[in-house]
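Given chain B, put chain Z in place with the hints provided.
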Amino acid sequence: MPSSTPFWSVVAIATAFVVAGLASAHHMESAGHWVTGMNNRVVWGVPHVFAVFLIVSASGALNAASIASVFGRETYKPLSRLSALMAITLLVGGLTVLVLDLGRPDRLIVAMTHYNFRSIFAWNIFLYTGFIVLVVVYLWMMFEPRMNRFVGRVGTTAFAWRLMLTTGTGSIFAFLAAREAFDSAVLAPMFIAMSLSFGTALTLILSALIFSIRGDGLPTELMLNLRRLLAYFIIAVAFFVVVDHLTRLYGAEHYSVERFILLEGGIYSMLFWIGQILLGTILPAVMLMQRRCSTLVPTIVAASLVLVGAFCQLYVLIIGGQVFPIDIVPGFTETSGFFDGVTAEYHPSLAEFGLGMGGVGLALLTYLIGTRVLAFLPTAAFDSGPSS
Amino acid sequence: MSCKPMKKDESAALAQHRRTFFTQAAAGVSLMALAPGVRLVELAMANSEDSPPSNDKRWGLLVDTAKCESGCDECVSACNSEHGLSGHGRPETDAQWIRKVDLKDEQTGHELSIPILCQHCEDPPCVDVCPTGASFRRADGIVLVDKHICIGCRYCMMACPFQARSFIHEDLTGQKTHSPRGKGTVESCTLCVHRVDEDQQPACVEACRAAGHDALVFGDLEDAAGPLASLSSKTATRELRPDLKLNTGVRYTSF
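Protein sequences, first through last, are from chains B and Z.
If you count the first sequence from 1, position 52 lands on 52 in my numbering, and the numbers rise without skipping.
Convert by adding 1000 to the 1-based position in the second sequence; the result is the number in my numbering.
Wrong hints could be hidden among the right ones.
[Claimed, not checked] If we take Cβ atoms under 10 Å as the criterion, some of the chain Z residues that face chain B in the derived model are:
hint	residue
1	Q1096
2	L1103
3	H1110
4	P1131
5	A1134
6	I1149
7	C1150
8	I1151
9	M1157
10	C1160
11	Q1163
12	H1169
13	E1170
14	G1184
15	L1244
Think of the hints as simulated: they come from the structure by calculation, not from any bench.
Don't be surprised by glycine CBs; every beta carbon is placed ideally from N, CA and C.
In isolation and in its complexed conformation, chain B is listed as follows (with noise of 0.2 Å):
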């Protein structure tokens, strides 16, 4: 039996960061959001990055159990249950700091009993808590072994309703017609393509660590598969990217949103540049490429760039594309006391970051637990895993 020190040394971490997760969320409603960095023209800030990095990557999180039951890789089996364990945990992570940055969150019943159905926030809405059943159907077809013969056909169904989930997360961003930065069609692919890079970096981070925890490390053939799968999930968000980029630095009246993004923007192009397409893109996917880098740590490393290039790129679309000044009567200048035609300035507090982390925590405090009451886990020998 190994020593459950690491264990509930990482639970001791998780638990801090929803300490200060719900400290920070009590702090910004109490005093009100103006504590925040946020503010009447930049409205979602640091909690929203954190909020849609987690419930995007939690829908990659299924991976392992998809490819599993979806497309038969018998090699992905052992961590279907896992990966279906983070995908619940990342969501309820990601929803928690989603909710707690509301203005009201006391009246989360309120959206729990109020749609308007024109709306594609209401959607996601039941988009995340039927993606939650489903996975919790999901498993309990894997756990039970009358149930296995159904894992297919809910693996199936999951699997549509996660690509579902990803383009309504995308369509967020991509409904609003009036932000130049958004406004977007691609942006709906390429949330799903973010989704399984994301996603999938986080499996072998998260792997690694409960299967380290437990004493007997990744499996080496899982890993390489992870590893290979990553690369191609970096390059496909890349390709996104680009094309979202080149159509519209076609178009003279996007001229401005590209200038501020690719060159012009301080902190938002560094963090383009630097954060997002050398560190988070380029860096991994030459690691993940490389045989000599083909051993754990490398491969740890290379995920955790992804998930730095992760925030970055979250960070530069979702506040990048609201400090870009919307032109609201085109062909004029405009000057105002309001900020109109300038850049807006947005100072995340640590308070958004304490949320933010806060949902991480919870999502690492969940999952670690889950491991602990559940046997996600594969008892045996790591080919020979559970059914599922």
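Frame of chain B; chain Z shown alone:
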């Protein structure tokens, strides 16, 4: 009893008298029959707490930019005063329902100043994206927020092309009973709906007129004989962000 035959002249006069009597009687009866109905229509048309707004009207605002002075913010002050928008000296987070924006034509250098407020669109993006339906459009075209079901997600603020909405970032003081607000919810220009429902003009319009500019004209966009139609027929009007085809209720002239 004997009957003397009437003379021809007498008979004609009597017939004329009878016709007049029946005509007047019919008119009187008609009046008595119609009057209550007319009164009912009048009552039905009246604004009251029990009568919902009707789509017979579409309230709107016409801004004559030639009359709107740069540096004048009477409309902004009137709005703040009317709705109790006191602010905390933090322009990034303080509520602002109407703001003055100075414009300069990039080609000609022509300068002008306009007020920007909720444009009360016919197809408002804020209403489309609101997950709970808190953002809604009244039948008479006024776009409002139901403070009871707004959860403060701010998606409407992301969607608004005019950045005309504000989120209440902190505790409120000095609230007006006719303009309820709520910390953690989103708000915007109500077109002074509480005044409009009592056949009054929005506070900004009155303030602009009192300042002698008369740059804001309020009225029914559907009324062909109303002040908006009258002004619009003399000069071209434009809406902000015409590319989005929102058919805004706030229109601008002279630029």
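Of the hints given before, which are not true for this structure?
none
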